[in-house]
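Given these sequences and hints, build the entire structure.
Under the numbering used here, the first residue of the sequence shown is numbered 15, with each subsequent residue one higher.
Straight-line alpha carbon distances no greater than 30 Å define the calculated BS3-like cross-link-like pairs of lysine-lysine that follow:
#1 Lys601 <-> Lys447
#2 Lys873 <-> Lys928
#3 Lys447 <-> Lys94
The set of hints was computed from the structure by calculation and includes no laboratory data.
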Amino acid sequence: MKLSVGLALSMGFTTINAQDQDLTLWYDKPATKWFEALPIGNGRIGAMVFGGVKNDRVQFNEETLWTGYPRNYNKQGAYKYLDTIRGLLFAGKQKQAEELAGREFLGLKSNEGNREAWLKKVQAILQLKNNPSQPGYNDTSWKTMAVPHYEGWETQGFEGMDGAVWFRYQFDLPAKWNGEDLKLDINKITDQDFTYINGVLVGSQANADARNYVIPASALKAGKNTIAILVINFAGKGGIMGYKDVSNHIGVYPVNEAASQKLSINGQWKYFIQDTDVPAVGQYQAAYQPFGDLNFLFDVEESTVTDYKRTLDIAKAKATMTYSYKGTTFSREYLVSAPDQAMCVRFTASRNKSVSFTAELSSPHKSNSVKRIDGNTVSLEVNVRDGALKGVGYLNIRAIGGSVLVKENKLVVTGADEVTTWLTANTNYRNYKDVTANPSQLAWASLNKLKNKSWQQVNDAHIKEYQSYFNTFSISLGHNNAGRSALTTDRRLNEFALNNNDPDFVALYLQYGRYLVISSSRPGTRPANLQGIWNDLLSPPWGSKYTTNINAEMNYWPSDLLNLSATQQPLFEMIRELSVSGRETAKQYYNAPGWVLHHNTDLWRGTAAINASNHGIWVTGGAWLCDHLWQHYLYTQSNKFLKDTAYPLMRSAAEFFSAFLVKDPGTGYLISTPSNSPEHGGLVAGPTMDHQIIRNLFKSVIDAGAVLKVDEAFRKKLETQYRQIAPNTIGRYGQLQEWMQDVDDTTDKHRHVSHLWAVYPGSEINWEQTPDMVKAARQSLLYRGDAATGWSLGWKINLWARFLDGDHTYKLIQMLLSPVKGGAGSYPNLFDAHPPFQIDGNFGGAAGIGEMLLQSHTKYVDILPALPSALPEGEVKGLKARGGFELSIQWSKGVLQAVTVKSLAGQPLHLRYKDHVVSLSTEQNRTYQFNGSLQQQ
Numbered sequence: 015m016k017l018s019v020g021l022a023l024s025m026g027f028t029t030i031n032a033q034d035q036d037l038t039l040w041y042d043k044p045a046t047k048w049f050e051a052l053p054i055g056n057g058r059i060g061a062m063v064f065g066g067v068k069n070d071r072v073q074f075n076e077e078t079l080w081t082g083y084p085r086n087y088n089k090q091g092a093y094k095y096l097d098t099i100r101g102l103l104f105a106g107k108q109k110q111a112e113e114l115a116g117r118e119f120l121g122l123k124s125n126e127g128n129r130e131a132w133l134k135k136v137q138a139i140l141q142l143k144n145n146p147s148q149p150g151y152n153d154t155s156w157k158t159m160a161v162p163h164y165e166g167w168e169t170q171g172f173e174g175m176d177g178a179v180w181f182r183y184q185f186d187l188p189a190k191w192n193g194e195d196l197k198l199d200i201n202k203i204t205d206q207d208f209t210y211i212n213g214v215l216v217g218s219q220a221n222a223d224a225r226n227y228v229i230p231a232s233a234l235k236a237g238k239n240t241i242a243i244l245v246i247n248f249a250g251k252g253g254i255m256g257y258k259d260v261s262n263h264i265g266v267y268p269v270n271e272a273a274s275q276k277l278s279i280n281g282q283w284k285y286f287i288q289d290t291d292v293p294a295v296g297q298y299q300a301a302y303q304p305f306g307d308l309n310f311l312f313d314v315e316e317s318t319v320t321d322y323k324r325t326l327d328i329a330k331a332k333a334t335m336t337y338s339y340k341g342t343t344f345s346r347e348y349l350v351s352a353p354d355q356a357m358c359v360r361f362t363a364s365r366n367k368s369v370s371f372t373a374e375l376s377s378p379h380k381s382n383s384v385k386r387i388d389g390n391t392v393s394l395e396v397n398v399r400d401g402a403l404k405g406v407g408y409l410n411i412r413a414i415g416g417s418v419l420v421k422e423n424k425l426v427v428t429g430a431d432e433v434t435t436w437l438t439a440n441t442n443y444r445n446y447k448d449v450t451a452n453p454s455q456l457a458w459a460s461l462n463k464l465k466n467k468s469w470q471q472v473n474d475a476h477i478k479e480y481q482s483y484f485n486t487f488s489i490s491l492g493h494n495n496a497g498r499s500a501l502t503t504d505r506r507l508n509e510f511a512l513n514n515n516d517p518d519f520v521a522l523y524l525q526y527g528r529y530l531v532i533s534s535s536r537p538g539t540r541p542a543n544l545q546g547i548w549n550d551l552l553s554p555p556w557g558s559k560y561t562t563n564i565n566a567e568m569n570y571w572p573s574d575l576l577n578l579s580a581t582q583q584p585l586f587e588m589i590r591e592l593s594v595s596g597r598e599t600a601k602q603y604y605n606a607p608g609w610v611l612h613h614n615t616d617l618w619r620g621t622a623a624i625n626a627s628n629h630g631i632w633v634t635g636g637a638w639l640c641d642h643l644w645q646h647y648l649y650t651q652s653n654k655f656l657k658d659t660a661y662p663l664m665r666s667a668a669e670f671f672s673a674f675l676v677k678d679p680g681t682g683y684l685i686s687t688p689s690n691s692p693e694h695g696g697l698v699a700g701p702t703m704d705h706q707i708i709r710n711l712f713k714s715v716i717d718a719g720a721v722l723k724v725d726e727a728f729r730k731k732l733e734t735q736y737r738q739i740a741p742n743t744i745g746r747y748g749q750l751q752e753w754m755q756d757v758d759d760t761t762d763k764h765r766h767v768s769h770l771w772a773v774y775p776g777s778e779i780n781w782e783q784t785p786d787m788v789k790a791a792r793q794s795l796l797y798r799g800d801a802a803t804g805w806s807l808g809w810k811i812n813l814w815a816r817f818l819d820g821d822h823t824y825k826l827i828q829m830l831l832s833p834v835k836g837g838a839g840s841y842p843n844l845f846d847a848h849p850p851f852q853i854d855g856n857f858g859g860a861a862g863i864g865e866m867l868l869q870s871h872t873k874y875v876d877i878l879p880a881l882p883s884a885l886p887e888g889e890v891k892g893l894k895a896r897g898g899f900e901l902s903i904q905w906s907k908g909v910l911q912a913v914t915v916k917s918l919a920g921q922p923l924h925l926r927y928k929d930h931v932v933s934l935s936t937e938q939n940r941t942y943q944f945n946g947s948l949q950q951q
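See the structure below:
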């Protein structure tokens with residue numbers, strides 16, 4: 015099936031001048047941490063620019079470099095256990111149902127290596143009389159590492175290291191503790207440990223439990239005692255983690271005394287890496303990977319540098335850095351071009367012959383190599399461990415004046431007037447079933463096309479292409495405190511958290527969200543994952559994959575509303591691919607037609623349940639993704655898109671649920687089971703969210719079939735089943751129930767608010783048709799509270815906008831735009847913090863700001879439905895509404911002044927502002943103007 019997408023560029027959208035908008039992030043010092051660096055990208059290649067003076071790191075990614083390989087994710091014949099699992103849930107035996115489902119109903123992991131044989135080889139060292147567990151062992155040649163390290167030894171410079179590592183530390187036994195048993199409190203070690211005191215094994219665990227070992231008095235001696243720990247780490251973060259609360263030290267203390275008497279053993283421990291050739295670890299799904307680092311090294315005394323500034327211009331998708339040194343001004347410009355498929359960096363100086371540096375390629379992947387290609391080009395080759403993918407990148411330097419040479423596989427520039435570097439990168443990934451592409455050939459072809467192009471040509475083409483997306487929309491929210499834009503962005507973030515009187519910053523945040531959408535998701539690329547396309551870790555949080563019980567969907571909430579429809583093409587292509595793999599999952603697990611997706615997927619389009627039965631078995635991921643297809647049709651009114659792309663995928667998903675729904679023996683309703691309310695409450699029968707999403711899918715398919723005049727019999731079947739699905743229910747506390755049973759806890763502050771799906775992004779619960787349900791949903795959200803993870807704040811912002819409470823919405827925007835201090839908020843580069851970084855909160859926040867200004871989920875196009883008092887002045891151009899409308903809105907002193915509506919599809923318009931309503935027929939591509947009372951002008 016070839017996708018047909020009603021893309022923005024084919025709709026004749028207005029191009030808007032970005033002048034006079036505050037569209038720059040800027041800083042007065044280099045980034046020292048990854049989440050201080052500035053993101054650039056073209057949808058396929060992403061990079062994080064640190065802007066260092068002496069060492070300028072540019073960490074980069076290519077969107078198809080993942081772990082894993084094409085394989086079957088489905089357990090054959092798992093459907094044989096479906097009825098038994100359902101029966102256990104109907105009988106109230108949740109634990110037994112989860113145990114059975116955990117054994118028989120999850121997906122298949124990737125291939126495992128021989129762990130037992132490897133451990134035996136590692137432990138052979140203990141057979142030596144003088145081995146690292148012994149107190150007299152000579153460890154003088156060992157290096158030291160800070161212990162503990164809660165985020166893993168990766169934070170100590172060992173990114174990607176797995177294996178067997180010895181740690182040793184000595185402590186002096188207080189005389190008053192002589193003859194006493196001690197407790198050794200280390201808390202968390204991953205994955206496995208063998209812990210010795212003076213050569214005596216005192217404990218060993220291979221789990222996530224705390225390490226609290228008893229040291230018998232017989233193992234201790236007066237004076238110095240040696241702790242030796244063999245840490246075994248197979249995958250992910252490794253090391254002696256200790257406590258998340260760093261004020262709580264690891265240590266020793268008498269078993270009969272309080273932990274407050276603990277003798278701290280925090281400090282520099284000696285370490286020895288014994289073996290890093292670990293066997294493959296079976297994984298349910300794959301993880302997104304970094305590609306490499308490009309470091310530019312300069313001979314500069316940083317202490318004498320002045321006038322430093324680095325910026326990200328989101329109007330042009332370019333980062334810059336400038337500084338003065340010994341009377342010369344140095345400048346750098348960074349961009350990732352979509353037309354030329356390359357990352358480009360330009361170096362200039364105010365004086366000739368002043369540009370000198372060394373450029374070095376490297377990678378965190380254990381299997382990597384850098385090679386000289388010619389006098390001004392080097393290559394980087396990487397291979398993902400235990401996976402099918404490999405990548406090749408080329409770095410080429412073009413200098414005006416001076417010299418370029420390759421020395422020890424590094425490019426050395428001396429005395430140039432101006433230098434441009436071009437970086438291309440590709441992998442052997444063709445599609446989720448095929449890894450036969452030639453990365454070297456692809457990357458070289460892109461580099462070769464740059465041969466006869468100047469920096470200016472590449473720069474101009476880049477800006478033109480980028481602005482074809484970005485300039486479809488503009489927003490100004492007034493200048494109540496114009497001085498804030500003179501602050502660096504990190505300081506401005508701090509100030510906004512304390513005093514929200516900075517409307518420009520809210521507008522900048524929305525536009526930054528649009529920038530990130532464009533930079534991480536262009537037509538022809540893969541969709542934005544949990545981190546967009548930016549990731550520096552071999553074991554990123556949650557695999558930096560696609561979590562489809564909220565996060566992957568939230569990434570695309572801004573796209574239609576904020577006039578970026580074309581950026582959804584990668585999502586729609588992924589849905590098509592998932593419908594293929596999901597068909598096999600539907601067959602093997604549910605013996606049903608159609609297709610299904612559970613709560614995660616990856617580059618290889620796995621659709622089976624993963625991780626654990628209490629949250630992994632959630633069946634409505636595909637149905638939710640189908641709503642993006644339907645919403646795109648509603649916004650664009652493209653019958654071609656509906657017929658060729660959306661409807662076949664939606665209909666197939668509906669086929670699955672038509673067969674999957676089962677009658678609840680207690681109520682007689684059709685319900686979804688087994689499933690869960692995402693990551694909350696375990697495996698159940700009939701979570702509210704499922705029923706909302708399935709009803710939404712059925713209604714969308716019924717309406718789409720009517721538009722296309724097809725499948726009348728199937729539509730009638732869905733109409734009958736629609737009425738039989740368990741309805742939304744108001745519970746004893748006036749809340750919208752999360753489950754069929756009235757068991758909601760008013761003190762529950764869980765991050766997911768899944769049962770409010772029908773409020774947003776759905777529309778079944780709305781003020782027009784179901785006001786009592788809206789009030790119940792609002793009560794649920796009041797009980798759940800405001801505090802949340804970053805993405806959860808993004809969801810709540812949209813919910814409060816749908817509740818038409820602008821001031822509460824704005825309160826949460828202020829929470830989202832607050833510095834990270836252990837919880838949710840924004841990092842200095844305005845990346846959203848779950849924590850850690852997840853990009854979905856950026857997109858949810860941007861969409862929520864748009865929802866305050868325009869809503870169109872009922873028959874009305876509502877103007878300024880949730881305008882907060884903090885935004886009394888403003889103008890927005892290019893907002894999109896369902897029905898195929900593009901709007902520009904002006905307001906002053908909190909009151910609408912003017913509205914312009916362009917009808918892109920010639921559909922009827924029902925425009926509403928407060929108690930003013932106007933309805934009219936429209937003509938395609940005609941523009942209509944109204945004043946603040948909606949009188950047509």
